[in-house]
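**Q** Here is what each chain is made of, one letter per residue.
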Amino acid sequence: MYQYDAVDQEFVADRAREFREQVARRLSGELSEDQFKMLRLMNGLYLQLHAYMLRIAIPYGSLNARQMRRLAHIGRVYDRGYGHFTTRQNLQFHWIKLRDAPDILDQLAEVDMHAIQTSGNCIRNVTSDPYAGATAEELDDPRVWSEAIRQWSSLHPEFSFLPRKFKIAITAAPKDRTAAKVHDIGLMIRRGRDGQLGFEVIVGGGLGRTPYVGPTITEFLPANRLFSYLEAILRVYNRHGRRDNIYKARIKILVAALGAEEFARQVAEEWAKIGPEGDLPDTELARIRGAFATTVFDPLPAVSATFEAAKASDPTLARFARNNLRPHKKPGYTIVEVSLKTIGDTPGDATSDQMDVIADLAERYGQDDIRVTHEQNLVLPHVRLDDVPEVFAQLQAAGLASANVNLISDIIACPGLDYCALANARAIPVAQQIAQTFADPDRAEAIGELKIKISGCINACGHHHVGHIGILGVDKKGEEFYQLTLGGSGAEDASVGKMLGPALPYDKVAGAIDTLVEVYLRERREGERFLDTYRRTGVEPFKEAVYADAH
Amino acid sequence: MKALTANRLIDGDVVFWKSGQWVEGFGDADLFDDPEAAEAAEGQAKSQPTVVIDPYLIDLMESDGLWAPLSYRERIRALGPTNHPTHGKQAVGGVVIEALLHADGAARSSGRVNLIKRK
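Those protein sequence lines, which keep their order, are chains A and B.
Oh and the first sequence: position 52 is 52 in the numbering used here, straight run, nothing missing.
So the mapping is simple: the numbering used here equals the position in the second sequence, first residue as 1, plus 1000.
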């Protein structure tokens, strides 16, 4: 992974020192809350229902064992022994005290971490493929570009006060694991006809109050022209994005208002003015690329006799292998997905002890590499097949061996009304109830890939619009109700889900999901996922069944 | 009936007004049946910007013969998250916590809505 140099380290440590002074000035009354709020948000510190919440940046969801252990330590000492991995590949602690925040930032700085730009109207953490550097599908390593964007966008003077927050995703594989089409900018690495590397540039996707699948404004941007083009997009947005209405301030609204063609024309005009001077020198890109080139793989046979024998004798390992392992680019290795969706637990939560286990496994069996997925799971991207039985055993002992990745109980849920000051309804207990409804692993596997995503308010941190089944918590005269949407997807076949019908009360949601699944099992044809069946049949059979049951 | 609540500056904890001071348990809070007294307390609370953030009044309802916050959001603030029954103020247990857990009235947190409107 990228290694901080002395300049990076000094910068992050200095920022932590600065925040310590700001906290002292707030506590003494020298700064009012209005003055301080912006400063604390620039360091990822929010005030939520029960305490402060600290959102820590995990750049493109990539961290090492030392960093994971430090997160575990912070959780143990300053929180309640756990942390919450988010849909933006970050980590949130929900029980932070203001008086401890400067010490926490110091501790993060010691391991090259921080919470800068995890809030505010700036360019946020770049989302990237959690399988980067491990999957054979990719055309290039998207982490290199993510890191270059991270460095370019950190404290960028022109783009620190945009009309609204700004999120970029990069994927280099045909299978999109980043939800690129619903980001402010989605970059999909493509190979041109002449073999040149470039990007398909998608702008103006987004979720929240007004969901859009972003249009492509450039089919193929030569890779070496990326930064001047990003600058042009951001400059057009900064100039024309609405600042009068927070609900219309995201770039998606501007792109929709102008139309993709006109927006692209304005970007092209701006891009011509900037010219190649705005691009990253090849030498700098090579320097960053060098930081990711340290992974060394041993020559191994493609099939591991040890692993095959263990699978044959242990059906739980066989199930884990079916659902949580993914092909690696090198023979004899595999990508291991670690589900943070144990039935009955809070989606995305990991205890400090579990974080330590993951760190140990990464160090011992996984080239010191850990990833966070936007679906709130963890990944050990480089594990030898020979080592899988041992890794599985240790995950089992730590309560981390749920074999449900991409299945119906692998649910995304935001913190919801249990923690969040913005939420209208709870998301976590709804996810828990649904997971318990589908706790039978045979049934879950028979249902197949089904992505349920739950948000506790219209801000859509739980990505409900792009759930195969989306669930949105709403407040009806103070009571929790839930709107169901069907047919969304955040993957390469992105789409925004359509509302099923009137919102359901809290205690009817899990039953309604069960009904939807029964309709799918009845209607599906060979090889169809839930999403495919829905797209073929339309909403009617699902709607009929859910609301027939409701009456 | 109303109570006055805020988050404490130094640690973000949910606190309630009691005779010019802040206490952590809803069961210890002052309850106001006189709107003028409630507003006077809110005014006093706002003059403590180095102690609390955003004080506001919340509506109460009867539950188990005791008083509980009317809005579900305020009950969660007074109790803790429902996914971790041992986290937050609910962990201490007792009759007041039980009354809050049994309350089933549901309404928006009017004091908080006013607070948002003022921003």
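In short, the hints are calculated from the structure, not lab data.
Treat each hint with caution, since some may be false.
Just so you have them, the derived chain B footprint on chain A, three or more residues with Cβ under 8 Å [stated by the list, open to error]:
{"hint": "1", "region": "44-55"}
{"hint": "2", "region": "274-282"}
{"hint": "3", "region": "425-431"}
{"hint": "4", "region": "434-442"}
{"hint": "5", "region": "467-480"}
Anything over 12 Å on all C-beta distances counts as not near chain A; from chain B, calculated [as the list claims (entries may be wrong)]:
{"hint": "6", "residue": "D1013"}
{"hint": "7", "residue": "Q1021"}
{"hint": "8", "residue": "D1028"}
{"hint": "9", "residue": "F1032"}
{"hint": "10", "residue": "P1035"}
{"hint": "11", "residue": "I1053"}
{"hint": "12", "residue": "E1062"}
{"hint": "13", "residue": "S1063"}
{"hint": "14", "residue": "T1086"}
{"hint": "15", "residue": "V1092"}
{"hint": "16", "residue": "G1094"}
{"hint": "17", "residue": "V1095"}
{"hint": "18", "residue": "I1097"}
Cβ coordinates follow ideal geometry from the N, Cα and C atoms, glycine included.
**Q** State for each hint whether it applies.
**A** To see whether the hints hold, each was checked on the structure:
no. : hint    : verdict
1   : 44-55   : holds (count 6)
2   : 274-282 : violated (count 0)
3   : 425-431 : holds (count 3)
4   : 434-442 : violated (count 0)
5   : 467-480 : holds (count 5)
6   : D1013   : 6 Å, violated
7   : Q1021   : 18 Å, holds
8   : D1028   : 17 Å, holds
9   : F1032   : 21 Å, holds
10  : P1035   : 21 Å, holds
11  : I1053   : 5 Å, violated
12  : E1062   : 16 Å, holds
13  : S1063   : 15 Å, holds
14  : T1086   : 9 Å, violated
15  : V1092   : 14 Å, holds
16  : G1094   : 18 Å, holds
17  : V1095   : 22 Å, holds
18  : I1097   : 15 Å, holds
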